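Chains F and E are the protein sequences, given in the same order. Reading the first sequence from the start, the letters are residues 1 to 111 in the working numbering. Reading the second sequence from the start, the letters are residues 1001 to 1115 in the working numbering.
Derived by calculation from the structure, the hints in this document are not laboratory data. Note that this is a predicted model, so its numbers are computed, not measured. Even for Gly, the Cβ is constructed at its ideal location relative to N, Cα and C. Treat the hints with care, as some may be off.
What the hints assert, rightly or not - Some chain E residues close to chain F (C-beta under 10 Å, calculated; not the full set): (1) Ala1031; (2) Leu1088; (3) Arg1111.
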Amino acid sequence: SQQGEEDPQALSIQEGENATMNCSYKTSINNLQWYRQNSGRGLVHLILIRSNEREKHSGRLRVTLDTSKKSSSLLITASRAADTASYFCATGKAAGNKLTFGGGTRVLVKP
Amino acid sequence: DTEVTQTPKHLVMGMTNKKSLKCEQHMGHRAMYWYKQKAKKPPELMFVYSYEKLSINESVPSRFSPECPNSSLLNLHLHALQPEDSALYLCASSQDLGGAKNEQFFGPGTRLTVL
């Protein structure tokens, strides 16, 4: 079953704009991860944020985590056409390193 | 080598066929995973192997049979599948199961069509 719900389901922006997507989850977590998937291919790990962290940056990516609200956000700054993909949040639990994925946000960056 | 490879890329099989999906990693990871992903849906965990032993089976039907012959290889044996089993099958690996930092590295997937 899905742990996370992502919002919005789809996002269309112009190149250079920022893209923000949100993820909410239901149970306690050990960490939350964001992945990117291009058109039915494998997933690429973007960033992991631990439950005791509030914000993390990696290049043009910024992730926040609010465990009191059970939510996370992913911000992509200065988007590029190559950022067009589906983005999934996944919650991780220590036991079994089991990842449960959210429904995903499909991002289209128009040149 | 930071890659997870999967073969074949595409597979078409009949409901009476027996086939296998293969996954390989040479990162020294001791945990490996199979996921199933239907179109426009998130990946769903099927199996987890840790140190070549089955750790998690997410109540997957027995027509899917995983095998981990060694720490670098993970197979998924398919038999008597149904058309609704058509999906993208993703393999992943991670250093191990423990700890707070265990990102999973995914392969490109095998797109399976069951006729």
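| query | With a cut-off of 10 Å, does the beta carbon of Ala1031 of chain E approach a beta carbon of chain F closely enough for the hint to hold? | reply | Since chain F brings a Cβ to about 6 Å from Ala1031 of chain E, closer than 10 Å, the hint holds.
| field | Leu1088 of chain E as chain F interface residue, shortest Cβ-Cβ below 10 Å | value | holds, 6 Å
| Does the nearest C-beta of chain F fall within a distance shorter than 10 Å of the C-beta of Arg1111 of chain E? | This interface hint holds because 7 Å falls under the 10 Å limit.
Consistency with the previously given hints is maintained throughout, with no hint failing.
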